[in-house]
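Participant: Read off the chains here:
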Amino acid sequence: MTQHAASSATDNPWIAHPATICSIRPETPGVATYELAFNDPDRQSRYRFLPGQFNMLYLPGFGESAISISSDPEEPSRLLHTVRVAGNVTGALARTHPGETIGVRGPFGSAWPVAEIRNSDVVIACGGIGLAPLRPVIYHLLRRRHEYGRMTLLYGARSPQDLLFADEWNHWRSEGLEMEVTVDRGDADWKGQIGVLPALFSRLDLAPERTTVLTCGPEIMMRFVISEALLRNISARRIYLSMERNMNCAMGFCGRCQLGPAFVCKDGPVFTCEQMQPYLHLEEF
Amino acid sequence: MMTDLTVGSLVEIPKSSLQQVVQILQDLGYRVIGPRVESEAVIYDDLESVQQIPVGVLDHQDGGKYRLQQTDQDAWFDYVCGPHSLKNFLFPPRQTVLESTRQDGVWEMKAPDVEDAPPLAVIGPRSCDLHALRVQDRVFLEGAYVDPSYQARREKLFIAAVNCRRAAATCFCHSMQTGPAVSSGFDLALTELDDRFVIEIGSQRGAEVMGGTDCSTSPPQNVQAARSVSEQLEQSMHDRSQHPPEAATGEPRGRWLDTSGIRDLLMHNLEHARWNEVAERCLACANCTMVCPTCFCSSVEEVADLSGDHVARERSWDSCFTAEHSTMSGGAVHKSTKSRYRQWLTHKLATWHDQFEMSGCVGCGRCITWCPVGIDLTEETAAIRADSTNPSPGQL
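Taken in sequence, the protein lines are chains A and B.
Note that the first sequence covers residues 1 to 285 in this note's numbering.
Note that the second sequence covers residues 1 to 396 in this note's numbering.
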């Protein structure tokens with residue numbers, strides 16, 4: 001169900017490749033999108049990734065952080081990462097300026113199954129920054145709108161200010177993406193829905209046998225999305241989720257991102273619900 | 001008589017001629033590592049001559065216990081495994097994986113040259129250690145990514161293994177099918193007899209090294225004597241782990257790990273009460289993971305000079321018993337000692353099979369010996385089996 005981009009056997013996989021920050025676009029409070037270009041023109045022209053894959057972004061002196069790629073896989077020359085400040089490395093990244101170099105290793109990990117789910121109805125359910133790793137899927141699906149059935153994006157964030165990529169929504173809708181948006185807390189201007197994301201799922205009109213669910217967000221949100229999806233008789237094999245664990249090396253060497261039999265960095269981050277089901281409700285697993 | 005020096009042949013040398021082997025390896029440019037006593041333990045370190053081998057030393061190991069005893073026996077290798085393993089040399093506790101230099105605001109990044117290190121020759125690893133090497137090969141060489149420094153060291157490694165004549169009470173290689181007899185993956189395999197070493201040649205390089213010594217073809221009675229060393233030891237390990245020894249010997253009972261259906265046994269008992277029970281005793285000190293010859297977890301930290309323009313990324317051994325190991329932006333996944341011990345044991349004995357098609361345990365018993373409170377994974381696993389919520393786990 002997952003695909004891996006071929007990595008060259010001769011490359012030392014520990015080497016981060018210098019890349020220049022071309023632009024920084026503030027998105028929401030604490031979140032910005034960084035456009036990167038490899039300093040080596042050859043690497044820049046050869047670089048490809050699959051939707052859902054991530055890079056290790058390296059800030060010398062601060063360390064590496066696993067960040068999913070948020071841009072269109074079919075426009076690999078425009079490499080975007082949408083990053084929320086969460087720790088030391090992402091904090092340092094937030095203090096950089098266009099023109100500075102950082103290191104990039106990747107791409108790593110499994111991809112969303114865009115080819116396998118052709119012809120199915122697709123429900124994308126994501127929360128907060130979880131939309132970033134799914135934006136490449138949205139681009140992919142909308143480019144091939146006729147190859148898929150109904151396409152629905154359920155998106156939730158803490159507040160209206162935390163909703164990502166809002167300037168693209170009209171375009172997505174016009175291309176045939178149905179969107180339902182909710183926030184945990186509204187404000188004076190918010191006229192949309194208030195409540196948790198899984199509630200949107202429960203109200204969805206869908207055909208379970210034709211539906212694939214792709215979900216990414218806080219683990220607790222995904223657990224409830226999965227419960228709703230299973231309740232609606234969607235097969236655990238057609239529910240995909242992107243897991244997060246402490247990915248340090250991204251190559252299965254450091255052992256830190258293990259989740260049961262899986263290394264999240266190389267066997268994931270995208271898994272089927274069927275793979276993760278035995279472990280999702282175990283505390284501290 | 002011409003000595004047969006081909007792979008698979010058995011030759012012998014007087015014990016003192018082991019120095020010739022060390023000398024030849026040194027002349028070939030090898031850094032020779034062997035057993036030495038340091039801080040009251042047998043460890044691996046640089047061996048200038050065989051004089052440094054702790055002849056006559058015996059080790060007494062049990063849960064949380066390691067003691068050496070000097071005897072007057074002319075026994076060169078009758079201690080078994082100490083806290084070190086081949087891991088210390090192929091996957092060193094600390095190493096630089098990347099070096100970055102900033103010039104005019106632009107970072108250049110390169111990996112240190114792994115070809116610089118001299119090739120290693122190790123005298124004395126046991127069968128469990130060679131199996132542990134195979135386990136680490138799976139991790140660092142045989143997956144989607146290859147660790148270049150491990151690969152460079154591994155390809156040049158020369159192994160003169162030793163067949164154990166003794167087992168510690170903590171040894172259970174016989175139940176993991178990883179020993180005691182050295183069976184593969186060696187250049188030379190030594191069996192110590194009273195006055196000589198019978199040496200099986202395991203590789204062309206091994207044959208070349210022996211060609212420079214005064215070795216002779218081993219006569220049939222010595223070959224037979226050498227073979228029976230491992231057979232007798234395996235039998236006695238089996239007996240000792242199944243039946244309590246005579247009280248008179250004072251030797252503790254040996255260990256045994258029942259591996260039947262062990263993957264499913266543990267994965268179907270992730271909420272077994274025993275995890276809480278062991279967590280009451282476990283100090284989460286990480287000793288078991290440090291001495292384990294297969295544990296491979298690591299972390300990388302940034303080491304910068306004062307200017308901040310030269311930064312090294314240093315990888316060091318890490319452990320699933322630390323909070324940092326599982327910490328993400330939202331906090332640690334494994335907060336409790338229970339969850340950390342469960343992670344360690346289920347990885348070692350269960351999910352390792354999913355990941356690498358083999359067990360992560362080679363039965364060396366180091367984790368039992370070096371646990372300050374003597375927690376014994378064979379006992380913990382048996383306790384789960386005895387009271388399994390999944391009484392008939394499927395086969396692996």
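Just so you know, the hints here were simulated from the structure itself, not pulled from any lab data.
Just so we're clear, the structure is a prediction, and the values are computed from it rather than from any experiment.
Be aware that one or more of the hints could be misleading.
Claimed, not checked - EDC-like mimics (lysine to aspartate or glutamate), calculated; alpha carbons at most 20 Å apart, straight line: (1) Lys338/B x Asp309/B; (2) Lys191/A x Glu209/A; (3) Lys335/B x Glu219/A; (4) Lys110/B x Glu100/A; (5) Lys335/B x Asp167/A; (6) Lys338/B x Glu283/A; (7) Lys110/B x Glu74/A; (8) Lys338/B x Glu284/A; (9) Lys156/B x Glu251/B; (10) Lys110/B x Asp11/A.
Participant: Next, verify each hint and record whether it holds.
Facilitator: Going down the list of hints, with the structure as the test:
1. Lys338/B x Asp309/B: violated, 42 Å
2. Lys191/A x Glu209/A: violated, 33 Å
3. Lys335/B x Glu219/A: holds, 16 Å
4. Lys110/B x Glu100/A: Holds, because 18 Å separates the two Cα atoms, which is no more than 20 Å.
5. Lys335/B x Asp167/A: violated, 40 Å
6. Lys338/B x Glu283/A: Within the cut-off at roughly 11 Å; holds.
7. Lys110/B x Glu74/A: violated, 30 Å
8. Lys338/B x Glu284/A: holds, 9 Å
9. Lys156/B x Glu251/B: violated, 40 Å
10. Lys110/B x Asp11/A: holds, 11 Å
Comparing the model with each earlier hint shows violations of hints 1, 2, 5, 7, 9; every other hint is respected.
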